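Since the structure of chain W is already known, use the hints to place chain P on it.
Quick mapping for you: the protein sequence lines, in order, are chains W and P. With the first letter of the first sequence counted as 1, position 84 gets the number 84 in our numbering; the numbers rise by one all the way through. Adding 1000 to a residue's 1-based position in the second sequence gives its number in our numbering.
It cannot be assumed that every hint is accurate.
As the list claims (entries may be wrong) - Below, computed lysine to any residue pairings styled on SDA-like, alpha-carbon distance capped at 25 Å:
#	chain 1	residue 1	chain 2	residue 2
1	P	K1057	P	D1044
2	P	K1057	W	N54
3	P	K1056	W	C30
4	P	K1084	W	S75
Stated by the list, open to error - Chain W regions said to be covered by chain P (calculated; three or more residues, Cβ under 8 Å):
#	segment
5	27-37
6	100-114
It should be emphasised that the hints constitute simulated quantities derived from the structure, not laboratory data. The model shown is predicted, which means the values in this text are computed figures rather than measured ones. Ideal placement from N, C-alpha and C gives every residue a C-beta, glycine not left out.
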Amino acid sequence: MSVVLALREPLALQTRRKSNILNEINRSPCDAGVALQIHQHRLDYPNAIHRPVNPTAAYNCHGLTFASRRTWIHSADEIKKILAEDDYIKIDYFTENILAGDIIVYLKDGDIEHSGIVVEMVKGRGPRILSKWGKCHEVIHFPMECPWKDAVREYYRITT
Amino acid sequence: MTTTKINYDSAVATFAVANTPMFLLRKLRSDSAVERLTQLFSTDKLFSDLVASLRKKPENLTDAVEPYALLVALSRNGNLALLKELLKYPAPFSEWFSEIANILIQTSMPLTTTVFTPPQYLGAERNNFATNSPTKSQSVSAKLDH
Chain W
1 MSVVLALREP
11 LALQTRRKSN
21 ILNEINRSPC
31 DAGVALQIHQ
41 HRLDYPNAIH
51 RPVNPTAAYN
61 CHGLTFASRR
71 TWIHSADEIK
81 KILAEDDYIK
91 IDYFTENILA
101 GDIIVYLKDG
111 DIEHSGIVVE
121 MVKGRGPRIL
131 SKWGKCHEVI
141 HFPMECPWKD
151 AVREYYRITT
Chain P
1001 MTTTKINYDS
1011 AVATFAVANT
1021 PMFLLRKLRS
1031 DSAVERLTQL
1041 FSTDKLFSDL
1051 VASLRKKPEN
1061 LTDAVEPYAL
1071 LVALSRNGNL
1081 ALLKELLKYP
1091 APFSEWFSEI
1101 ANILIQTSMP
1111 LTTTVFTPPQ
1121 YLGAERNNFA
1131 TNSPTKSQSV
1141 SAKLDH
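Next comes chain W alone, as it looks inside the complex:
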């Protein structure tokens, strides 16, 4: 049996407390030129690890961080809902140890512009983050080594 998939549609996605999370998977091919942007990122951030992931609008950073790369979540309200209802606790960067598996979110003017997953703590350098850059590729980078470096950074962890 074959399944017909719409080019754009929401997935059934809920928090631990069963609140629906607004999202949309976009299976359309990416706009021409995204590959050029990825090439430019490789030049602009030569010390980051640029994963061989093709351009896609199927998922964004929040979809990677909070929905296993399945979909695109664009609303800050949805991310705040996930942080609250999935029992994340905020970690103080200066007084607590950031660990692999923790979450980073980038905030600016009430928006959560970017997020990622801590994959490594590098002595003297800080956490390395795995994140997806919009429609572009996945990058492993230090917190300031990305286009969202002017945002405020917060770290979260699930402990239960």
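Leaving out everything else, chain P in the frame of chain W:
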């Protein structure tokens, strides 16, 4: 010159990495392409080119970001009625268009001049205030531009 001749390179770079409409809007507000559009083109031209760009299926990232850049440029004249009018147009290829337009409507203030006439002669002449009104008021203009 037409609005399509503007260099959209930095706006394109922003659009490619935008995870949220708010990020796209924040970056476009300070983008050089938007600045040029505002300087070079009339409101009527921006409006007509924006309506045309909404109908056109994007062939590349420049086409995709153009409606948003034109929208932000158009919002700078403070004409809320024009922004509300734009919401009537379908935007089949610009998924964040109505959300960004609504944010601009909610956060923009019309560019109007409000004249305040502060009371004078308070203090020493307070007793005479009721009968000794100032003959020459000092006006303060406040430009509301958010």
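Hint by hint, here is what the structure shows:
no., hint, in the structure
1, K1057/P / D1044/P, "holds, 22 Å"
2, K1057/P / N54/W, "holds, 22 Å"
3, K1056/P / C30/W, "holds, 16 Å"
4, K1084/P / S75/W, "holds, 22 Å"
5, 27-37, "holds (count 5)"
6, 100-114, "holds (count 7)"
Checked against the numbered hints given earlier, this structure breaks none of them.
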